[in-house]
Amino acid sequence: MDFYYGLAQIVGVHTLLGLSAYVVLLTGQVSLAQAGFFAVGAYTAGMLTVLAGWHIAPALGASALCGAATACAVGFPALRVKGLMLVIATLAFGEGVRLVFFNFDYQIAKGGIKVGPLGGEGFRQIRFFPENGWTTFDVMLFIWLFVIAAMAALWWFDRSRYGAVLRAVGEDELAAQSVGVNLTAVKVSAMTVGGAIAGVGGGLYAHYTTHIEHSSFNVLVATFAIAYPIVGGLSNVFGTLAAVIFVQAFLVEGLRDLGDWRNLLFGALIVAAMNLRPHGFFGRRH
Amino acid sequence: MLDFAQVVLDGLLFGATYALIGIGFTLVFGVMHKLNLSYAAASIGGAYCGLLVLQVMAGAPAWLVFLCGFLAGGVLGYVVYLACFHFIPFSSPLATLMSTVGMLLLIDEIIVHATEGRPLNYPAMFDDVMLRAGELSLRGDLLLVFAVAVLCMAALLLVLYKTKLGIATRAVSQQPMAAQLCGIRIGRVNALTFVVTGLLGGIAGALIGASVGTLSPLLTLPLTVKGLIVTVIGGLGSIPGAIIAGLLVGGFENVFQLYRGVTERDLYVMLLLFVFLVFRPGGIFSPQSGRH
Amino acid sequence: MLELRAVSRHFGGVRAIDGLDLRVAEGEIVGLIGPNGSGKSTAVNVIAGLFPVTSGEVLFKGQNLERLPTHRRLQLGIARTFQNIRLFGQLSVWQNLWVAQNSPEDRARRGFFARWLGGQRGARGEIAQLLEFSGLAGKQDELAANLAFGEQRRLELARALATKPKLLLLDEPAAGMNSEEIGQLRERIQRLRGRGITIVLVEHVMELVMGVTDRIAVLNFGQKIAEGTPAQIQNDPLVKKAYLGGA
Numbered sequence: 000m001d002f003y004y005g006l007a008q009i010v011g012v013h014t015l016l017g018l019s020a021y022v023v024l025l026t027g028q029v030s031l032a033q034a035g036f037f038a039v040g041a042y043t044a045g046m047l048t049v050l051a052g053w054h055i056a057p058a059l060g061a062s063a064l065c066g067a068a069t070a071c072a073v074g075f076p077a078l079r080v081k082g083l084m085l086v087i088a089t090l091a092f093g094e095g096v097r098l099v100f101f102n103f104d105y106q107i108a109k110g111g112i113k114v115g116p117l118g119g120e121g122f123r124q125i126r127f128f129p130e131n132g133w134t135t136f137d138v139m140l141f142i143w144l145f146v147i148a149a150m151a152a153l154w155w156f157d158r159s160r161y162g163a164v165l166r167a168v169g170e171d172e173l174a175a176q177s178v179g180v181n182l183t184a185v186k187v188s189a190m191t192v193g194g195a196i197a198g199v200g201g202g203l204y205a206h207y208t209t210h211i212e213h214s215s216f217n218v219l220v221a222t223f224a225i226a227y228p229i230v231g232g233l234s235n236v237f238g239t240l241a242a243v244i245f246v247q248a249f250l251v252e253g254l255r256d257l258g259d260w261r262n263l264l265f266g267a268l269i270v271a272a273m274n275l276r277p278h279g280f281f282g283r284r285h
Numbered sequence: 000m001l002d003f004a005q006v007v008l009d010g011l012l013f014g015a016t017y018a019l020i021g022i023g024f025t026l027v028f029g030v031m032h033k034l035n036l037s038y039a040a041a042s043i044g045g046a047y048c049g050l051l052v053l054q055v056m057a058g059a060p061a062w063l064v065f066l067c068g069f070l071a072g073g074v075l076g077y078v079v080y081l082a083c084f085h086f087i088p089f090s091s092p093l094a095t096l097m098s099t100v101g102m103l104l105l106i107d108e109i110i111v112h113a114t115e116g117r118p119l120n121y122p123a124m125f126d127d128v129m130l131r132a133g134e135l136s137l138r139g140d141l142l143l144v145f146a147v148a149v150l151c152m153a154a155l156l157l158v159l160y161k162t163k164l165g166i167a168t169r170a171v172s173q174q175p176m177a178a179q180l181c182g183i184r185i186g187r188v189n190a191l192t193f194v195v196t197g198l199l200g201g202i203a204g205a206l207i208g209a210s211v212g213t214l215s216p217l218l219t220l221p222l223t224v225k226g227l228i229v230t231v232i233g234g235l236g237s238i239p240g241a242i243i244a245g246l247l248v249g250g251f252e253n254v255f256q257l258y259r260g261v262t263e264r265d266l267y268v269m270l271l272l273f274v275f276l277v278f279r280p281g282g283i284f285s286p287q288s289g290r291h
Numbered sequence: 000m001l002e003l004r005a006v007s008r009h010f011g012g013v014r015a016i017d018g019l020d021l022r023v024a025e026g027e028i029v030g031l032i033g034p035n036g037s038g039k040s041t042a043v044n045v046i047a048g049l050f051p052v053t054s055g056e057v058l059f060k061g062q063n064l065e066r067l068p069t070h071r072r073l074q075l076g077i078a079r080t081f082q083n084i085r086l087f088g089q090l091s092v093w094q095n096l097w098v099a100q101n102s103p104e105d106r107a108r109r110g111f112f113a114r115w116l117g118g119q120r121g122a123r124g125e126i127a128q129l130l131e132f133s134g135l136a137g138k139q140d141e142l143a144a145n146l147a148f149g150e151q152r153r154l155e156l157a158r159a160l161a162t163k164p165k166l167l168l169l170d171e172p173a174a175g176m177n178s179e180e181i182g183q184l185r186e187r188i189q190r191l192r193g194r195g196i197t198i199v200l201v202e203h204v205m206e207l208v209m210g211v212t213d214r215i216a217v218l219n220f221g222q223k224i225a226e227g228t229p230a231q232i233q234n235d236p237l238v239k240k241a242y243l244g245g246a
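Residue numbers (numbering that gives the first Met the number 0), protein chains in the order written: chain A, 0 to 285; chain B, 0 to 291; chain C, 0 to 246.
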């Protein structure tokens with residue numbers, strides 16, 4: 000049973016990653032920076048629970064804030080680059096964050112051993128869950144609490160005026176401006192919301208894997224983040240969830256028997272999927 | 000000071016390979032207004048294919064390996080075109096982008112499988128030659144890399160400006176509708192663009208293998224990122240921009256390494272990119288094709 | 000209400016508009032006509048804030064609009080429609096109008112406290128009225144992209160009205176319409192004047208322009224070559240020359 004709980008944990012955290020890209024994608028910005036915000040959240044939460052002894056809940060709150068703040072800071076310069084340039088710029092940002100953590104050391108002694116992030120070796124011993132007696136089941140529920148909250152919030156956005164404004168901006172910026180929409184406010188706010196969600200996801204990730212390092216937040220993770228909403232379709236949040244389940248549960252785990260070949264299959268499947276269903280599995284609205 | 004100059008020189012010479020990769024990204028963008036994220040991976044893939052020559056003919060000369068890499072790159076370019084660009088409708092840019100990502104993963108994995116994850120040695124030419132220019136030394140193999148890269152760039156510019164294909168390509172990049180109406184077969188032009196950039200990528204991959212001495216699948220992601228940085232700094236769609244930016248990045252990279260070491264080097268290259276994005280988002284040259 | 004003083008807009012070597020003077024009084028309906036390429040759409044774009052002026056000033060109620068971005072001009076009361084309709088195709092008719100409620104009045108209504116005091120109901124009611132006015136009642140959940148061409152044009156106008164404009168710039172609203180539709184459009188424009196909206200109408204379709212405007216300005220090669228009542232313009236030899244050639 001533990002295996003399935005573990006799988007559910009992975010699906011949950013990846014859904015948060017996908018949702019963070021989803022909200023930004025609605026405004027027409029293809030952002031490969033979400034892995035960077037995810038990393039910021041991961042290291043923040045990890046450092047707070049391990050080095051400062053915080054409880055996981057406020058640590059995640061801090062992750063969300065740090066993720067949001069970083070995203071907000073990225074959101075403004077991002078306005079100056081359009082289309083594919085933005086893809087490259089955000090990819091570079093994500094890589095930049097990874098490189099920062101690659102060079103980041105901050106260790107303190109705790110009970111005779113040194114804990115904390117150590118550059119290339121990463122950040123080990125993030126043991127809040129095991130040290131406090133949380134079972135795999137408990138952790139899974141905890142993660143899904145946040146996933147459901149995020150999905151509910153975004154679902155509600157989608158039905159609100161804000162959601163319509165986001166999509167209007169994504170569809171036609173010129174027309175949106177001409178009816179009075181403040182593009183800057185909309186695009187930066189979407190980026191900030193995405194950053195908050197990614198931050199929480201990262202914080203949760205750090206704690207269930209107990210060991211994070213710079214390579215956990217590389218270009219591939221960044222592309223997974225946008226792959227989910229693209230493959231799932233931008234109609235609603237369930238598309239992203241479905242894509243995560245499909246990718247993680249069926250592909251990665253279900254094809255486990257195929258051993259090393261499943262990564263190969265994964266790439267081939269994406270190529271095939273995009274050729275067959277260019278608008279994603281849950282296609283256009285209505 | 001001498002160290003600095005030497006390091007800059009070596010960097011500039013090696014930067015010619017980045018220039019080629021940058022050209023590949025920027026040319027596809029200029030003609031099809033799309034980004035092919037699998038390009039650097041395909042280039043390395045082409046270089047790997049070059050090694051097949053050694054399987055068939057042990058002890059084959061290095062230049063034959065390079066040539067094979069060159070040609071394999073072109074073939075791979077066509078394959079990528081078919082898989083990611085030919086069938087996906089123009090109105091789905093996200094789908095195209097994702098399919099190139101899928102292609103990147105696929106090529107990476109094929110390489111890992113074929114080589115069982117072990118890095119392979121790559122033949123070099125003139126690596127024992129060392130020329131002197133005053134106080135500075137010029138590595139023979141780097142000089143070759145630079146010379147071949149320059150030759151390819153010159154050939155490309157010749158094709159673009161002096162041949163019918165080149166003119167057709169430039170026409171398509173500026174006004175695809177009008178070009179079609181004039182009888183230019185867009186599908187053909189696009190496919191050939193991929194083949195040409197594939198050829199450039201293949202030789203770039205081979206040259207990188209030659210100067211570094213080994214090839215490993217770990218090269219693909221950093222090369223993708225660097226190639227994109229070069230493309231952006233040079234200006235999306237501008238070939239002269241990509242050339243200059245490639246040399247620039249090569250030079251700066253080495254300088255950063257000299258002063259801050261290997262682990263921090265890439266971070267500073269990233270900072271270089273951000274400086275450009277803040278002060279000159281259009282890149283060194285604004286795009287050749289006025290498609291905006 | 001609106002004043003253009005010696006406004007020029009150059010694109011590289013091309014002088015899209017050159018030294019244009021135009022005054023529009025409150026409550027007027029002014030037509031802007033001219034052959035293709037005469038600068039009519041550029042004038043609209045400059046007033047709406049899409050391009051900055053190369054020289055000259057654009058004044059709205061005495062205030063110089065220089066540097067004000069488009070969405071801020073909207074809040075001052077300047078709205079426009081697009082020649083090639085630019086609806087949010089993937090949004091419903093209702094959402095297209097909803098998204099456009101950005102006037103200062105509507106923004107205040109969305110403020111934290113106003114919301115609890117029945118603000119939302121007001122906004123909803125206004126959208127319903129707009130749908131009624133544009134003959135789109137009952138179509139509110141239809142995707143904008145699925146509407147018939149005529150309906151899309153009406154939605155484009157309705158959306159501009161949702162912003163509660165004081166000045167409305169209509170960019171060739173009658174293009175592609177048949178006589179009956181043009182008649183309906185004319186009626187709608189007159190009703191808008193009745194509500195106190197000032198209108199600048201850029202148009203090719205003479206039937207509409209001559210029938211609904213108070214004054215007409217004629218552009219050719221970016222410059223104003225004539226201005227007057229519809230009757231005066233119809234008989235102006237310069238205008239005839241511009242349209243029929245020999246320029």
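It is worth saying that the hints were derived from the structure and are not from the lab. Where is the CB? At the ideal position from N, CA and C, for every residue including glycine. Mixed in with the good hints there might be a few duds.
[Stated by the list, open to error] So these bits of chain A aren't anywhere near chain C, every CB distance computed over 12 Å: (1) 3; (2) 50; (3) 123; (4) 137; (5) 161; (6) 163; (7) 174; (8) 183.
[What the hints assert, rightly or not] Some chain B residues near chain A, calculated using beta-carbon distances under 10 Å: (9) 28; (10) 51; (11) 52; (12) 53; (13) 91; (14) 155; (15) 156; (16) 157; (17) 235; (18) 266.
[Stated by the list, open to error] Selected chain A positions facing chain B (in silico; Cβ < 7 Å): (19) 61; (20) 94; (21) 218; (22) 274.
Here's how the hints hold up against the structure:
At roughly 37 Å from the closest C-beta of chain C, the C-beta of residue 3 of chain A stays outside 12 Å, upholding its exclusion from the interface. With 12 Å as the threshold on Cβ separation, the claim that residue 50 of chain A sits away from chain C holds: the shortest Cβ distance comes to roughly 39 Å. No Cβ of chain C approaches the Cβ of residue 123 of chain A within 12 Å, the least distance being about 46 Å, so the stated non-interface status holds. Listed as a non-interface residue, residue 137 of chain A keeps its Cβ farther than 12 Å from every Cβ of chain C; the least gap is roughly 38 Å.
Here residue 161 of chain A does not stay apart from chain C, with its beta-carbon only about 10 Å from theirs, under the 12 Å limit. Residue-level check failed: residue 163 of chain A sits 4 Å from the nearest beta carbon of chain C, not beyond 12 Å. Consistency note on residue 174 of chain A: stated as away from chain C, yet its beta-carbon is not over 12 Å from all of that chain's, at 4 Å minimum. Non-interface status of residue 183 of chain A relative to chain C is broken: a Cβ of that chain comes within 12 Å, the nearest being about 9 Å off.
For residue 28 of chain B, the suggested interface contact is upheld, since its CB lies about 7 Å from the closest CB of chain A, less than 10 Å. Contact between residue 51 of chain B and chain A, as hinted, is not supported at the beta carbon level, the nearest pair being about 19 Å apart and thus beyond 10 Å. Restraint check, residue 52 of chain B versus chain A: the minimum CB separation of about 24 Å is more than 10 Å; hint violated. For residue 53 of chain B, the shortest C-beta to C-beta distance to chain A is roughly 24 Å, which exceeds 10 Å, and the interface hint is violated.
Taking 10 Å as the C-beta cut-off, the interface hint given for residue 91 of chain B holds, the closest approach to chain A being about 4 Å. Because the beta carbon of residue 155 of chain B sits about 22 Å from the nearest beta carbon in chain A, more than 10 Å, this interface hint is broken. With 10 Å as the threshold, the beta carbon of residue 156 of chain B stays out of range of chain A, its nearest partner Cβ sitting at about 24 Å, so the hint is violated. Because the smallest distance between the Cβ of residue 157 of chain B and any Cβ of chain A comes to about 28 Å, over 10 Å, the interface hint for this residue is violated.
Annotation: residue 235 of chain B was flagged as interfacial toward chain A, and the flag holds, the nearest CB pair being 6 Å apart, inside 10 Å. For residue 266 of chain B, the interface hint holds, since its Cβ comes within 10 Å of a Cβ in chain A; the closest pair sits about 4 Å apart. The interface hint given for residue 61 of chain A is violated, since its Cβ lies 25 Å from the closest Cβ of chain B, which is over the 7 Å cut-off. Because the closest C-beta pair between residue 94 of chain A and chain B is about 5 Å apart, less than 7 Å, the hint holds.
For the restraint placing residue 218 of chain A at the interface with chain B, the shortest Cβ-Cβ distance is roughly 5 Å, inside the 7 Å limit, so the hint holds. Of the supplied interface hints, the one on residue 274 of chain A holds, with its beta-carbon coming within about 5 Å of a beta-carbon of chain B, less than 7 Å.
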